[in-house]
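A.B. asks: Residues per chain are reported as follows:
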Amino acid sequence: MSRYILRRLGRGVLTIFVSVTLVFFIVRAMPSDPVALMISPQMSQEQIDTLMHTYGLDQPLMTQYFLYMKELLMGNMGMSFAKRIPVGEYIMSRLPWTLMLLAAVMLIVCIIGIPIGLYAASRKGKLSDRIISIIVTMGISIFIPFMAFLLLYIFSFRLKILPTGGAYTPPTPEGFELVKQVACHIILPAIALSITNLANAVLYTRNSMIDVLHEDYIRTAYAKGNDRKRVIRRHAMKNALIPTVTVIGMQIGIMVGGATITETVFSWPGIGRLVYDSVNALDYPTLQGAFLIMAVAVVIMSFITDLVVAWLDPRIKLGD
Amino acid sequence: MPLVEFHNYSMGFKDDDGNVSNLIDNLSFSIDEGKALGVVGESGCGKSMTSLSLMRLLPDAAVVQSGKILFDGKNVLEMSEKEMEVIRGNRLSMIFQEPMTSLNPVLTIGNQIGECLLLHHPDLAPDEIRARTIRSLESVGINNAEARLSQYPHEFSGGMRQRVMIAMAIINHPALLIADEPTTALDVTIQAQILDIMKGLKGDSGGLMMVTHNLGVVAEICEEVVVMYAGRAVERGTLKAIFDEPLHPYTIGLMSSIPTMTSDKSELPAIPGSVPTIYDFGKGCRFADRCSKCMERCMREVPKSLLVGKDHIVACWLYPEGEVV
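So the protein lines, in turn, are chains A and B. For the first sequence, my numbering gives the first residue as 1, with consecutive numbering after it. For the second sequence, my numbering gives the first residue as 1001, with consecutive numbering after it.
In short, the hints are calculated from the structure, not lab data. Every residue gets a Cβ at the ideal spot worked out from N, C-alpha and C, and that includes glycine. It cannot be assumed that every hint is accurate.
[Stated by the list, open to error] Quick list of the computed label-pair ranges, beta carbon to beta carbon: (1) B:Gly1018 <-> A:His214: 54 to 60 angstroms; (2) A:Ile254 <-> B:Leu1058: 43 to 49 angstroms; (3) A:Ile131 <-> B:Leu1057: 25 to 31 angstroms; (4) A:Arg8 <-> B:Met1100: 28 to 34 angstroms; (5) B:Asn1143 <-> A:Tyr4: 30 to 36 angstroms; (6) A:Leu318 <-> B:Gly1018: 48 to 54 angstroms; (7) A:Ile131 <-> B:Asn1075: 33 to 39 angstroms; (8) A:Ile254 <-> B:Ser1150: 51 to 57 angstroms; (9) A:Lys238 <-> B:Gly1018: 32 to 38 angstroms; (10) A:Lys180 <-> B:Glu1146: 56 to 62 angstroms; (11) A:Ala103 <-> B:Ser1150: 31 to 37 angstroms; (12) B:Asp1123 <-> A:Asp227: 16 to 22 angstroms; (13) B:Glu1083 <-> A:Thr15: 54 to 60 angstroms.
Just need the whole structure built from these sequences, with the hints factored in.
C.D. replies: As structure tokens, this is what we get:
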């Protein structure tokens, strides 16, 4: 087991290293110059040079890369070009908002998606299953920004029952009022983000449940005298949820990196919005930091997913 | 009163358009309490569907067309799902052909065997369930049973899994145990061990319905035999009658394709062709195409089941004389 963890750790570090390197060069391949955005016409050449020097932009590309990697190893992600604050601090101020949105989405997926998938499987081929399948197909193929604008149009513009954007209405409210406001503000982005994930969860749960219900051991369970409810609960569900857990786990990892489009449409102050702002501001260090967080999240989540799947399925041995 | 009685039972399969093709046609036989019956035939003869019909565990596409299946004098086909749940795994239990896939991969062996007790004796204490589970594992020859309770199916070999299946099926001392090709998927040496266990079970006074294509197994265990071909019982009778004096050309073909120690033939005789699918059944005798003694009448008319000797029934136009049963 400890060997397995070590090996996973090694592979994770390698994944993160490759992704950090790729991001470093891709960001710098953007056809514009961050300095041009930072300086104002009033600045003297001397001031500009000092600024360039402060951010290390006067160094050759490879030198910048090695400097960045060196600092990163010591836990320093650099200074944001746009905010002039440490990137770590900048990202940490946004991360909780993305995690909150993520939690809301996963709650919807697990509480609604899995039961609907199980229900559809038990009604396979009947009218209700067909209706669910049609909605699921629509959910998977729908263009999320369109859905986001549609939700905004209906609930914020027409019905005026939900706010249009942000996480709360400024000035920052206190205590319970803050909780209430955030709860209202999170509804629309959470719904918009849930749709595809929800549809996927329903689809995976339904299909694997249908497969499992045709397994020989399900027939054995009936032959013992189990009723249908017990067969599903005790014999089918654990087997059927294994693929769903894998899919949900991977989705969580990806979503920590923020949903750029949805967060931007709803002005949700998370990592996705940060990526959008940083691209606009050519804020290289912040972009690199955001992608680093994403890579770390994917690595950690795939590890956790493997642990959960191994716990559900005794055939999987993590030691080998 | 027999323990189990199939009365002119017919079933078939529904295709996507709702058309039903008949498989089992007018099947009748019975099993007396404590007796062992062998149901014999090649793959695709409807043997498994016969046992699943009795368990009422037929696949979704299956349709019961007519007849009765009596168990303890009650028609299984008319019982409610609740009544069936009380019988299954209790008075009536079944061992399946595929030990590798018939156990739940994510539940422990102890859990899966104990469940049979728990379902039918909910008042048993956990200790008692555990003790009986261990005893049942020991009775099918699993060593170190206590330690194996917490293991999962993938930690057992095929033969061991089939032993677990048997332990599960007999733990409630069923009045009838259906064994659907319990040895087919196993190695030859393991087959012999499993058969020994099955033979040992016979002493426990419960009835046995042994579904198999292996006549050797039938000869060792059963008292009565039903030979099935393409969904019909072509011949049935006592073990002695069928083995000493097989009448139906299909039964004779099956018998002569068993290798013997004394035979000096270099090649075993085989029945040419294979069992037709339900879409290729002719309107006469279903064996007609492969029968060396096929007559013109066989193609036209379904042979009647006639009593030709003491406890010996055959459905073949070669033997048109006899009492209609």
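A.B. asks: For every hint, state whether the structure bears it out.
C.D. replies: Taking the hints in turn, this is what the structure says about them:
In this structure the hint that Gly1018 of chain B and His214 of chain A lie 54 to 60 angstroms apart at CB is violated, the actual value being about 21 angstroms. One distance hint, 43 to 49 angstroms for the beta-carbon pair Ile254 of chain A and Leu1058 of chain B, holds here, with the actual separation near 44 angstroms. Taking 25 to 31 angstroms as the suggested C-beta distance range, the pair Ile131 of chain A and Leu1057 of chain B conforms, at roughly 30 angstroms. Hint check: Arg8 of chain A to Met1100 of chain B, Cβ distance near 31 angstroms, so the stated range 28 to 34 angstroms holds.
Under the hint 30 to 36 angstroms, the C-beta atoms of Asn1143 of chain B and Tyr4 of chain A, about 31 angstroms apart, fit the expected range. Between Leu318 of chain A and Gly1018 of chain B the C-beta distance comes to about 50 angstroms, which sits within the given range of 48 to 54 angstroms. Checked against the hint of 33 to 39 angstroms, the C-beta distance between Ile131 of chain A and Asn1075 of chain B comes to roughly 38 angstroms, which is consistent with it. Distance hint for Ile254 of chain A and Ser1150 of chain B: a CB-CB separation of about 37 angstroms, inconsistent with the stated range 51 to 57 angstroms.
The hint said 32 to 38 angstroms for the Cβ distance between Lys238 of chain A and Gly1018 of chain B, and at roughly 35 angstroms that hint holds. Between Lys180 of chain A and Glu1146 of chain B the Cβ separation comes to about 58 angstroms, which falls inside the hinted range of 56 to 62 angstroms. At roughly 36 angstroms, the beta carbons of Ala103 of chain A and Ser1150 of chain B sit within the given window of 31 to 37 angstroms. Checked against the given bound of 16 to 22 angstroms, the beta carbons of Asp1123 of chain B and Asp227 of chain A, roughly 18 angstroms apart, stay inside it.
Between Glu1083 of chain B and Thr15 of chain A the beta carbon distance is about 58 angstroms. The supplied range of 54 to 60 angstroms therefore holds.
Taken one by one, the earlier hints fail for this structure at numbers 1 and 8, listed in ascending order.
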